[in-house]
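*Asks:* Here's the letter readout for the chains.
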Amino acid sequence: MKEILKEIEERFGPIWERVQRPKLAQVGIEPAKAVPLLTWLKEHRGYVTLVHLSAVDWIEQGEFQLTWLLGNPETEERLMICSRIDRENPAAETVSGLWPQAVTYEQEINEMFGVSFPGSPRQGVPFILEGWKDIPPMRRDFDTVAFVEKHIPGREGRKHIDTRTYIGEKFGEKGYLHD
Amino acid sequence: MSLKHVLQPFNAWVQAFSKPYTIPMKDTMRPGADRYRGWHINDVEKCVGCGTCADICQNAAIDMVPVKDPVKGDSGLRPKIDYGRCCWCALCVDVCTTGSLGMSNEYTWVEKDPEKCRYTPGVDAKPWDGSEKGWRQEEGFSLIVKDRVPMPMLDPKERIKTWAEVVVGYSVEEARKEAARCVSCGLCVAACPAHMHIPDYIGAIRDGDFEKALDFIYDNNPMPEMCGKVCTRRCEGVCSVGIQGEPLAIRWLKRFATEQFEDFAKVLHPEVKRVGEGKKVAVVGGGPSGVTVAYYLAVRGFEVTIYEALPQLGGATFFGIPKYRFPMPSLEKQVDLLKKAGVKIVTDHRVEKDEFRRLLEENDALFFGTGLMKPYKLGVPGEDLEGVIYALDLLRDHHVGKKVEVGESVVVVGGGNVAIDASRVSRRLGAEVTIAYRRRREDMPADDEEIEDAEAEGIELVTQSIPLRVEKLENGKLDFIWGPAEMVPPDRPGGRPKPKLIEGVENHLQVDRVIVAIGQKGEFEWMPEEVAEKVVTSRGWVEVDETGMTQWPGIFAGGDLVNSTADAISAIADGLKAVEGIQQFTLEGLSVSKS
Numbered sequence: 001m002k003e004i005l006k007e008i009e010e011r012f013g014p015i016w017e018r019v020q021r022p023k024l025a026q027v028g029i030e031p032a033k034a035v036p037l038l039t040w041l042k043e044h045r046g047y048v049t050l051v052h053l054s055a056v057d058w059i060e061q062g063e064f065q066l067t068w069l070l071g072n073p074e075t076e077e078r079l080m081i082c083s084r085i086d087r088e089n090p091a092a093e094t095v096s097g098l099w100p101q102a103v104t105y106e107q108e109i110n111e112m113f114g115v116s117f118p119g120s121p122r123q124g125v126p127f128i129l130e131g132w133k134d135i136p137p138m139r140r141d142f143d144t145v146a147f148v149e150k151h152i153p154g155r156e157g158r159k160h161i162d163t164r165t166y167i168g169e170k171f172g173e174k175g176y177l178h179d
Numbered sequence: 001m002s003l004k005h006v007l008q009p010f011n012a013w014v015q016a017f018s019k020p021y022t023i024p025m026k027d028t029m030r031p032g033a034d035r036y037r038g039w040h041i042n043d044v045e046k047c048v049g050c051g052t053c054a055d056i057c058q059n060a061a062i063d064m065v066p067v068k069d070p071v072k073g074d075s076g077l078r079p080k081i082d083y084g085r086c087c088w089c090a091l092c093v094d095v096c097t098t099g100s101l102g103m104s105n106e107y108t109w110v111e112k113d114p115e116k117c118r119y120t121p122g123v124d125a126k127p128w129d130g131s132e133k134g135w136r137q138e139e140g141f142s143l144i145v146k147d148r149v150p151m152p153m154l155d156p157k158e159r160i161k162t163w164a165e166v167v168v169g170y171s172v173e174e175a176r177k178e179a180a181r182c183v184s185c186g187l188c189v190a191a192c193p194a195h196m197h198i199p200d201y202i203g204a205i206r207d208g209d210f211e212k213a214l215d216f217i218y219d220n221n222p223m224p225e226m227c228g229k230v231c232t233r234r235c236e237g238v239c240s241v242g243i244q245g246e247p248l249a250i251r252w253l254k255r256f257a258t259e260q261f262e263d264f265a266k267v268l269h270p271e272v273k274r275v276g277e278g279k280k281v282a283v284v285g286g287g288p289s290g291v292t293v294a295y296y297l298a299v300r301g302f303e304v305t306i307y308e309a310l311p312q313l314g315g316a317t318f319f320g321i322p323k324y325r326f327p328m329p330s331l332e333k334q335v336d337l338l339k340k341a342g343v344k345i346v347t348d349h350r351v352e353k354d355e356f357r358r359l360l361e362e363n364d365a366l367f368f369g370t371g372l373m374k375p376y377k378l379g380v381p382g383e384d385l386e387g388v389i390y391a392l393d394l395l396r397d398h399h400v401g402k403k404v405e406v407g408e409s410v411v412v413v414g415g416g417n418v419a420i421d422a423s424r425v426s427r428r429l430g431a432e433v434t435i436a437y438r439r440r441r442e443d444m445p446a447d448d449e450e451i452e453d454a455e456a457e458g459i460e461l462v463t464q465s466i467p468l469r470v471e472k473l474e475n476g477k478l479d480f481i482w483g484p485a486e487m488v489p490p491d492r493p494g495g496r497p498k499p500k501l502i503e504g505v506e507n508h509l510q511v512d513r514v515i516v517a518i519g520q521k522g523e524f525e526w527m528p529e530e531v532a533e534k535v536v537t538s539r540g541w542v543e544v545d546e547t548g549m550t551q552w553p554g555i556f557a558g559g560d561l562v563n564s565t566a567d568a569i570s571a572i573a574d575g576l577k578a579v580e581g582i583q584q585f586t587l588e589g590l591s592v593s594k595s
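Going down the list, the protein sequences come from chains A and B.
The first sequence maps to residues 1 to 179 in the working numbering.
The second sequence maps to residues 1 to 595 in the working numbering.
Do not take every clue at face value.
[Said to hold, decoys possible] EDC-like mimics (lysine to aspartate or glutamate), calculated; alpha carbons at most 16 Å apart, straight line:
(1) 72(B) / 169(A)
(2) 477(B) / 386(B)
(3) 353(B) / 533(B)
(4) 159(A) / 115(B)
To be clear, the hints were calculated from the coordinates, so they are not data collected in a lab.
Okay, chain B solo, but in the shape it has when bound (with noise of 0.2 Å):
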C-alpha cells in the first residue's frame, strides 16, 4: 500500500468546498399539468359519503370512515385513501356523484411513517387542499347515468276528458334500464320515514328478479302499489344520482315491481312466528297506518279486526286521492292481500262512543289512525253561503260514488295535494278552474309534478291572493273577492314569508263554486270523554310514545293525526311502530285498560 491510497479518501473531501455538479432539488420543482391525477382533494362539505368511490376502485384503496354522524341525505361516512394501493386511475373521481372528490396536481410527498400515506382527503388537513389544479370530472362525461328513463304519460289534452291514470307506467326494458341507474348507496333508505329496503328492490328489477323486488317492497310496506303511485317520495329528494343529474325515478320503480303481480298473496309467504295467536287487536280507522297495523300483525298470528267508516279500505288514499292517481283496482289488490291474510274488514261502519268503549273490553290492544276529516275554514264573510264547499267533502262524495257537481267555473282556495286534487277532479267534472293561493308558487306544499300536471290541463294559477268574503250574485253565481299580498320576511329565522295583503285593492271572479283546501284537522266526536281527554292534546293531535302508545295503556295511534307531515309513507312508518309495540305490550302479558 503507497501513501498514495492512504491520502486518496481525503482528497474526496475537498470537493466538499466546489460548486456542486447536481442541480438543488428547489430550483427543479416542477408543478403537475394541469390535469395530473395526483394525491386526492375533496370538498367534504358537498360530499354525501354515498361509498360510490370505495365501490368502484379496483384496488381496494378506499375505505369508507365516519366523520360525522348521519343524517337524511349524508351517511357522514367520507372516504380514506390507501395509497399503499391506489393507482391514480381517477374511477373514483370520474363516477363521484357529488363531483366533490378530486385529484391535486401534487405528485411529490415523502413521509417516513407510511401510515401516514393513508387520509381523508378534506378530512386531514393537506398541502395541497384547494388546489386548483389536477384531474376532475370531465365536462360532458360520467360514469354515472344522470338521466331518467322518461314515464310515458297521457296526453294532457285527453286526460281531462277521462278518469284513466295518467301516468302509463314502465315497461321491463324500461324499468331495467331505470334500475341500473342506481349506486345502491341507501342514503334514499335514510330518508323514507318507513326506510323502505331501497337498493335492494331497486338492484332485484334490474336483475330481473320482481318477486324478489315484491319481497323487498312488502317487508316493511303493505301499500306499496298506493306508494308506487302517489308516494311523496323523500327518497327521491336525496338520491345522490339527483345530486348532478336526475334522481332515480324509485316510486315509479316500485309501482313497476307492484304491477307485474295481479296476485300478491301468490308471491309473498311470510316467515315469521306466530306470536300472536289468541291475542285479538281492534283498528279503528282503515288508512295506511291501520292497514299497516292489520297486516303486520295477522301474519303474526294476532286476530284483527279493522273499521272503517267508509265503504273501501284506504282512508285518504281511497276518498281523497284521484282514481287517474291511483285506480281502484291497484288499492283493491292491496286489500286483498290483507284479507288472504287474515284480517277481518268491517267497512261502512263508523266507531262511536259505546262500540269503542265495548272494544277496549275485548280486545288485548286497540290501534286508531282516523286521520284528519274535518277542513279547516276560510274565515271570512260568506263562507256559509250555498257553492261554497270543501275539498275534502267533494272528494269523498266524488270517490264514494255520489253525484257532484261543480258548475261550469270553480275557484279551489289552496296549495296542498288536497287543492290540486280537487282542482282536477273539477276539471274532469268539465269545469274552468282556478287555484287561489296566498304564498308564491315556490312555497306550494304540493308536489312540483302535481302542480305542472295541473297547470298542463288546463288549471290557472293565481299566486299571492289572500280570499277576502263571498258574495251571491243575481245570476246565481258566487263572486270570489280576494286582494292581492306581498311577500314580507317571516317573524322567526329560518320560516317562510308571509304573505301580506295589499289594502284597498279588490279582484272578482265569478264562479259556480268556492272550494276550500286550506287544510284538515282530526276530529274526536266519536271517541269516548274519558279517552279523549287523556290521548288527545290541547291543540287537537295525538301524542304517542316511541313504540306508538298514546297515553292510554293499550292504546296505540298513528297516521296524520300523530306525524306532523301527513303523507301516507309516515302513517306507513307509524304503523310499523305501532305494530312492533302492541307485540311488545300483549306478550309481557298486558292488556289495553278497559278505563
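The following block holds chain A by itself, in its conformation from the complex (with noise of 0.2 Å):
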C-alpha cells in the first residue's frame, strides 16, 4: 500500500495516511480534491468498486466527514478516501457519474446527515424518514433521548430513580452554606 499511498502524494499533493492493515489504508485530502482522487483512483488504478460512502459528525471541529471506501477487486487492497468539509451549508460533489449506486448512499447522507451532492438524483426524497421535520437524526445536537420521550410512549409505571440523587438522599448528604 505504501507505493499507492506515495503516489497518491505526488499526484494530489497534501494529504495524510495511515495503513491500518496490510491492505487497508486511510487517505486524508481536501475537499476539492477529494473526486479527481476518486475517478484517478478507479479509471487508472483498479479502485473500480465504491464499497461504502458514509459519514461522521465532528461537531466540536464544526466539520463532517465523508468517507468513501474503495475496493480493487483485482488486488483485494481498499483505500479509504476521508475528507472534512464545512458543517455549515455541508455540500460535496457527487460521485454517482462514477458509480450509480452511489445515488443512494448520498440520498441516504443527505437525510441522516443534511449533507448535501448538488447533481446527484433522489436529494431531498425521504429515504427511510418519512414526513420528518426535524434537525437530521444523526447530527450530534439532535437530542434522540428527547425525541424518543416525545413521540415513543415508554411503559405506564415506569419509575427511574437517579443514582446520584438517591444515594445522596440514603446516605443523609447535606449542605451547611445554604439554606
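Take the two lone chains and join them into the complex the hints point to.
*Replies:* Set out below in C-alpha cells:
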C-alpha cells in the first residue's frame, strides 16, 4: 500500500495517511481534490468498486467527515478516502456519475446528516424518514432521548431512580452554606 | 351455485391429514451469532448500580430500580429494561463500569402481556441467564476512560533534600481532562464520611467553573485544601470507574479546585439564616472537627471561640502531617477564612480544669475535639533509654519549629501513616531510615501510596519484625533488637492474621534513634473530673449520641476521640453532626448544664 500512498501524495499534494492493515489504508485529502482522486483511482489504479460512503459528525471541529471506501478486486486492497467539509451549509461533489449506486448512499447521507450532493438525483427525497421535520437525526446535536420521550411512549408505571440523587438521600448528604 | 362450490371447502380438510409443506419451527430454530445483541443479562453481584447504562441509553429504555438496601460501594439499584423502547444498540453494555451487563444471543421471546417484556436482568430469572454467548465489552475497547491523568511529582532523589511539596498539582487542562472521566454515579458520596458533593464539584471542574466547584466543596468541608492533599479518600476506593480502570483522582481534583483561589472569602458567599445570633459556643481543640463546628456555626451567627494548645490550628493535620504533603500556606488559607467568618481563635493556650468549668458557665454549648495526643508505649525493656522517642513528639516538635535531631540512622516502629510521616521526616533530616512493622506489608494501615513514596525515598521496610528490647551500646548508639514473626490465623473469623514471634532468633540494628509509632490514645488530664467521669468511657473513648452530644447535656465532642477511623474527614463528619446538634440544642432554648 505504501506505493499507492506515495503516488497519491505526488499527484494530489498534501494528504494524511494511515495504513490500518496490510491491505487497508486511510487517506485524508482536501474536499476539492477528493473526487478527482476517486476518479483517478477508479480509472487508472483498479479501484473500481465503491464499497461504501459514510459520514461522521465532528461537531466540536465544526466539520463533517465523508469517507468513500474503495476496493480493488484484483489486489483485494481497500482505500478509505476521507475528506472534511464545513458543517455549516455542508455540500460535496457527487460521485453518482462514477458509480450509480452512490445515488442511494448520497440520498441517505443527505437525509441523515443534511449533507447535500448537488447534481445527485433523489436529493431531498425521503429515504427512510417520511415526513421528518426535525434536524437530521444522525447529527450529534439531535437530541435522541428527547425525541424518543416525545414520540415513543414508554410502558406505563415506569419509575427511574437517579443513582446520584438516591445515594444523597439515603446516606444523608447535606450542605451547610446554603439554606 | 353448483354442488362443486358447496363441497370445495370440505376438500381442504383432506389436506389436514397430508404431510405439511411448512417446516416445523422447532427444527429450524437457529441460535443467534456468537456476538449477537439479544436479551440482556446482568451479573447482579458484580453490578454496583452506578446507573451509567441508564444515562447513556438513547431510547430512555432503562430504569434504575431498587433491589436491595444501598451500602457503600453499591447503590442497591439495578437496571430494568423496557423492551418496548430498547433498540439493542448495546451502548449500555459498552459503557458498563463493572462489565457486569451483557447481552445473550437469544433473540426470540413471545409474551402475550407486554408488561412482562420489561424485566431486571439477573434479578428476574430468564432462560438465557448465564448465557456464554452474545455481546460483551470488547477487550481493549471501552467507553469509560480507564487511565487516570498522571499527577506530576518531584523526583524522589530531589525531594529528600527539601521540604518542598512532593505533589506538583494538575494544570487546568489536566484537571478538566481527569474530571471528564467521572460518570457522576455518586457512589463516592456514600463512602465519604462527610458525604461531600463529589460528582457535583467534579462536574463543575470539568465545565471549567472553578468557583462553583469551590462552593460545592466548601458546602460541607471547611478544610478542603487539606483533604485535597492528604485525605484517606475512601471515595476513590468505591469509584465505579475504578472497578475496571483507575479510580477518579477525586482528592487531586479537590486540591486543584482549592488551589485556584488565594482568598476563599472572596469566592464563598454563604446564604444561611443567622439563627445563632446571641448564642456563644466554645470549641476546645482546633483540629478538623473543631474547625468544622466553628466555621459553620459562625456563618449562622453563633459567637464561636476556638482554644488551641499549639501555635496553629489544624490539630493532627498541622502538627502531624509533614509540610511536604500539606504546606503551611495551604493551612493558613483555610484558617484565614475562619477568621473572616468571625471565629475567635486563641492559640498557644491549653484549657485546664478551672477554665473548662468557666467555659461551661459562659457558653450556651461546648464542643471538644482534642484528639489522640498520648502515644502508646512499646512495652519492651530499654524503652526509657535516651534516644527512644515517640513519633508524635518528633513530628510536633519539628512542626512547631523546635530543633530536632535524629542522628545518622533511625528505626521507626509501626506501620501506620504516623510511622511513615516520621520516617520521611527523619529521611529529610538526613538519617538512614528503617521501618520495623510486625505484620506484612499488605496489613500496613498506612496509605499504599505513602508506603511507595517512602520506599522511593530510600526508606527500608522490614516487615514481620517484633521488637524485643533496646540496649545502649558503648559507642553511644542504641541496639534495637528484634525477632522475626510468622503469621498465624486470626483469633476470630474475619480478623487479621496475627504475627507470632519465632523464638530463639535475635536480629540487631544499630541506630541513633528508636522512634515509636504504634498508635496513640486520648488524654484527659486537662478535663475536670466531674466531666471526665460522665463523658469518657472506661476504654478511654468519648461516646456521643446521633447529634454529637456527650452524656453531659450541652457538651458535644468529635474527631479521633470519638470515631475509630481516626482520619481528618471522619473528624469533619463528626463536626458537621455537632453543628446540627448544637444548633438544635441551643435553638430549643437549652444551655449547657453547669454541673
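*Asks:* Which earlier hints turn out false for this structure, listed by number in ascending order?
*Replies:* none
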